[in-house]
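In this text, residue positions in the first sequence follow UniProt numbering: the first is 1, and each later residue adds one.
Everything labelled a hint here was simulated from the structure, so no lab data went into it.
Predicted model only: the values in this text are computed from it and were never measured.
Even glycine gets a Cβ: it sits at the ideal position worked out from N, Cα and C.
Mixed in with the good hints, there may be bad ones.
Just the calculated beta-carbon pair ranges, DEER-fashion [said to hold, decoys possible]:
(1) A140 / T267: 16 to 24 Å
(2) G21 / E203: 27 to 35 Å
(3) D97 / R141: 20 to 28 Å
Listed next, the in silico DSSO-like pairs over lysine-lysine satisfying Cα-Cα at most 27 Å (straight line) [as the list claims (entries may be wrong)]:
(4) K12 / K183
(5) K157 / K183
(6) K75 / K157
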Amino acid sequence: MPEGHTIHRLAKDYTSAFADGTPVHVTSPQGTFAAAAALLTHTPLHTADAHGKHLFLNFADSDAWIHIHLGLFGKVTFGPAPAPPPTDTVRLRLANDTAYVDLRGPTTCALITAPEKQAIHDRLGPDPLRPDADPHRAYARISRSRTTIAALLMDQKVVAGVGNVYRAEVLFRRNIDPYRPGKGITPAEWDAIWTDLVELMREGVRTNRIDTVRPEHTPEAMGRPPRVDDHGGEVYVYRRTHQPCHICGGEIRTADLAARNLFWCPTCQTQ
DNA sequence: AATGCATGCGCAG
DNA sequence: TGCGCCTGCATTA
1 MPEGHTIHRL AKDYTSAFAD GTPVHVTSPQ GTFAAAAALL THTPLHTADA HGKHLFLNFA
61 DSDAWIHIHL GLFGKVTFGP APAPPPTDTV RLRLANDTAY VDLRGPTTCA LITAPEKQAI
121 HDRLGPDPLR PDADPHRAYA RISRSRTTIA ALLMDQKVVA GVGNVYRAEV LFRRNIDPYR
181 PGKGITPAEW DAIWTDLVEL MREGVRTNRI DTVRPEHTPE AMGRPPRVDD HGGEVYVYRR
241 THQPCHICGG EIRTADLAAR NLFWCPTCQT Q
């Protein structure tokens, strides 16, 4: 689930469901966050903010923030009131008269101060989904680095919010060999990657899934049988190992890169 | 029932 | 580079 688009979407969804000025019932059935929940409960949610894969919730009359990071398998479930009895893995539940939302399995769910929140912003790279993002900051690091562009795109200090799916897909869309060192990436190439990330991730926020296949390459447009990728979006290479490339028909390859699975088409990605 | 795997990340060495 | 951590689901036995 969680790449940056998911988190920005969650910020919107938390806001629209709970930041209406009415008090929110905050609980932590699983227990770990119970003390903090008790401090915040019965106050209204004020704002939600997202930077990369980090989500922040702020409650009225409090300068503290709930800092949430979903990690690899954190999940958030929204539903209408009345909320069902929580299962014992629910780390954080918000509930009001109309809705509830449950958080399970996050790497992080902690109450932090405003300076601590700022420190997180400071250590994250520009986020293609934030209006204040400066892509040149990312390029300054990339253009100095001998690390592969595939690894750099996953480094949250370089770019915030890109995960394994967007990494693989944007490199495919730009025909870029994932193993090229960052310092070989030209300003024009980085500009194209960044522009593509902005477009793809905005679309991801809107649809709440990752679709990267251009209209002219859909199975219908290519005269191929319809296809459903098993993670809920239409993609070119992510988890399509040994399947035919939508464009050249060659086999999609996979390899370990920095403890993650990399997917790419060696025929198309030669730039 | 047990195992493996995942769109993540921080830490030790 | 490898390990642990958070959870749920699919696959294997």
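Against the structure, the hints come out as follows:
Range check, A140 to T267: about 32 Å between beta-carbon atoms, so the 16 to 24 Å window is missed. As the Cβ distance of G21 to E203 is approximately 31 Å, the hint placing it in 27 to 35 Å holds. Separated by about 47 Å at the C-beta atoms, D97 and R141 break the suggested range of 20 to 28 Å. Proximity of K12 to K183 is assessed by CA-CA distance (about 36 Å); at most 27 Å being required, the pair is judged violated.
For the proposed pair K157 and K183, the alpha carbon gap of about 16 Å is at most 27 Å, so the pair holds. Straight-line distance between C-alpha atoms of K75 and K157 comes to about 24 Å, which keeps the hinted pair within the 27 Å bound.
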